[in-house]
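Just so you know, the sequences run in chain order Y and B. Numbering follows our numbering, with no gaps: position 27 of the first sequence is 8. Here our numbering runs 29 ahead of the position in the second sequence, where the first position is 1.
Check before you lean on any hint, since a few could be wrong.
[What the hints assert, rightly or not] Once the Cα atoms are required to be at most 30 Å apart in a straight line, the calculated DSSO-like pairs of lysine-lysine come out as:
| no. | chain 1 | residue 1 | chain 2 | residue 2 |
| --- | --- | --- | --- | --- |
| 1 | B | K538 | Y | K22 |
| 2 | B | K285 | Y | K44 |
| 3 | Y | K24 | Y | K(-1) |
[To be verified] Stretches of chain B that chain Y covers, calculated by requiring three or more beta carbons in the stretch to come under 8 Å of a beta carbon on chain Y:
| no. | stretch |
| --- | --- |
| 4 | 77 to 90 |
| 5 | 237 to 248 |
| 6 | 304 to 312 |
| 7 | 400 to 408 |
Keep in mind that the hints were calculated from the coordinates and are not lab data. Backbone N, C-alpha and C define an ideal beta-carbon position, used for all residues, glycine too.
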Amino acid sequence: MLSMLRKGEKAIITDISKADELVKRRLLDLGITEGSEVCIKCKMPFGGPFMLESCGQCVGIRKNEASCIKVEGL
Amino acid sequence: MDIALLGNPNTGKTSMFNNLTGSYEYVGNWSGVTVEKKVGIFKQGAAKLIDLPGVYSLNPLSKDEGVVTRFLLDDPFDRMLNIVDASQLERNLHLTLQLIEFGSPLIIGLNMIDVAKNRGIQVDVEKLSSVLGVEVVPVVARTGRGCKDLAEAATTPYRETKKQFQVDYGEEIDKAITKLEQLLQGESSHSTRWLTLQLLEGNPYVKKYLQSYIDMADLDGLIHSTSRAVLAGSEVRTIEQFIYKRRQAAIGEILKETTEVKGNSGQPLSEKIDLIITNKWLGLPIFLCVMYVLFMLTFDWLGFPLSDALDAFISGPITEGISQLLDLVGASKFIHALVLDGIVAGVGGVLVFVPQIFILFFFISILEDSGYMARVALVMDRLMEMVGLNGKAFIPMMIGFGCNVPGIMAARTIETPRERLMTTLLTPLMSCSARLPVYALFVGAFFVHQKALVVLSLYVLGIVVALILAKIFSNTLLRGETSFFVIELPPYRLPQAKALWKSTWEKGKGFVKKAGTFIFAGSVIIWLLSYAGPGGTNVQMDDSFLAMIGGVFAPLLAPLGFGTWQAGASLLTGFLAKEAIISTMNIIYFVPDEAGLQGILANTFSPLSAYSFMVFILLYIPCLATVATIKKETGSYKWTFFSMGYALAIAYILSLIIYQVGQVFGL
Ligand SMILES: Nc1nc2c(ncn2[C@@H]2O[C@H](COP(=O)(O)OP(=O)(O)OP(=O)(O)O)[C@@H](O)[C@H]2O)c(=O)[nH]1
Ligand SMILES: [Mg+2]
């Protein structure tokens, strides 16, 4: 799961189908989908959102959304 | 000729618009700055340029994105100018392909080539142009490089020379296009290919558009049968995804031919900055520090001395000069009083605060242009989530510190209708710049040693009340619907001096202009009301019409600590514009300058009632312009009246508590 990655770790998204429809659409808009490489840049405290980096851009998503996205470590 | 500007969010469309038209529209470094259509005239006067909100694709999720689809479907235009971010070509080309499918004459402005170059991305412009079959002009919208060429290319008559690029979506989709063509029987003027693809992707606007020509059942049938046929032999789950993948594959090919990435230049500076700014533990403290410095500068270190100097200038030399001038032309006593006690007191009393307002706007502009706004949204998201909103809602609130009207407009970028409505209703609680003069005046009179702190407490109070109300609303009136948060964090950019000045001036200009028009007229009326009464003209102020009107409210306000007709009258004018409170007070208390007014206020208010008054001003009602915007955005009288009603109730209760409890403690 994406939410289990540690700060600085890289991974490839393998399954995004469990995520919320709107979240999926927005991530797709940003070019993040199955097969994209992502890297966790930081995690906000108290279960706050994550900052991801993918193809040279940074995106913020919530922890519970990240925990619906399956990834495979690199 | 009408030229529409289209492109992904934050790619520099509005920068280009400003550059070409010479006008100024709102520019900022986050996604979703422009939320409505703006029209400008090209420098040569030959063409009209239409700036639109940024979109990732033509299938909209939020209200501002819907504006673009609406525009393409309903409005006539001659040409599309697609601004493409060269440093994010892959993502940007998805939209470009959809625009090519749309079929209107297209030209591409390849923007941000400076950023791309820094990242080692080299785009072969000629090649890109020939592959896409679309003219491509490289530009840097920020500095204006290449903009002349682009303007030239965009206005020269279109000649269809090259064949435009077409994505191969496979046989099944081609069949669907033919089918839709038959169903339409040539009734729509839009490209059937584009309509079909958008329909299959689930674009609600296009579906609605098609429903005016075709039966709902036929449309659904078409979508269904095509989906089934397309998805039968493949592993993708939805037709939307299938179309995306096809486009993605095509883009991959295009990029392979046209771009070259030369050696990664290590960690970009932007990411290094983010290590600190959005650090897990430093994020929130840094935000609070930034806000603190902003308030200290506006209210204490820099703003106050400047305002005082201006005050001295207006009440001294300027009043003196006007007075002498009036004597010179032999003005009557009435005119004399009208000009000096009415206009100079009313308008001058507001103008005095121009330096402070400009400092505030300057800092808001820095926050907007640097890329910090999106980070604030990220840092605040956890807190906002607890009250049923998302971090994005904080951006409208921050903008609301400048002026509530653009703040409420900015709420359009919030995707879920429930959160958007909540943000629209709560943004007026953010203390806008027009409320600043009231604070400045009162803290100057009562809290000389804790100026910035007292003002900061009011700003924070506005936020806290908004958050508590959000929690209450989301548990009562506006329940349901999950909240959702995905935000793009743009790279930091160093704000440019010229752009900063422009953006500060554009925001501050409104304040100065309002002082010269609205406040001017208001001052005359208020002065006349205070000059005349049932007993004739030139009456004692306490016997004037103004005192009668204000007196109606006085008993109601007494429990809050300011039960005077003067307070009642100024609150009434404050509904029209918050800074009118100050001009009204200046006129009522008969003093031409800030210092004099503060002296008189010290007799009628105590520090406690002054604080209670400021809290009331902060919350009591959105100003007229804000109310109009709420009506426009919610489209409902019910919510508009609700926004006024709850504000009044909260303001009354809070001021009451503050004053009564304070009195118990003997303050
Ligand atoms: N380095 C660089 N920055 C640019 C360039 N063009 C625009 N910018 C910056 O990019 C940011 C976004 O510019 P806008 O013009 O507001 O972008 P927009 O496309 O109108 O954005 P939305 O209205 O949100 O869709 C601003 O901070 C600009 O200063 C460019 O060519 N190079
Ligand atoms: Mg814009």
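Checklist entry - Which of the listed hints are broken here? => result Going through the list in order, the structure violates hints 1, 2 and 5 and respects the others.
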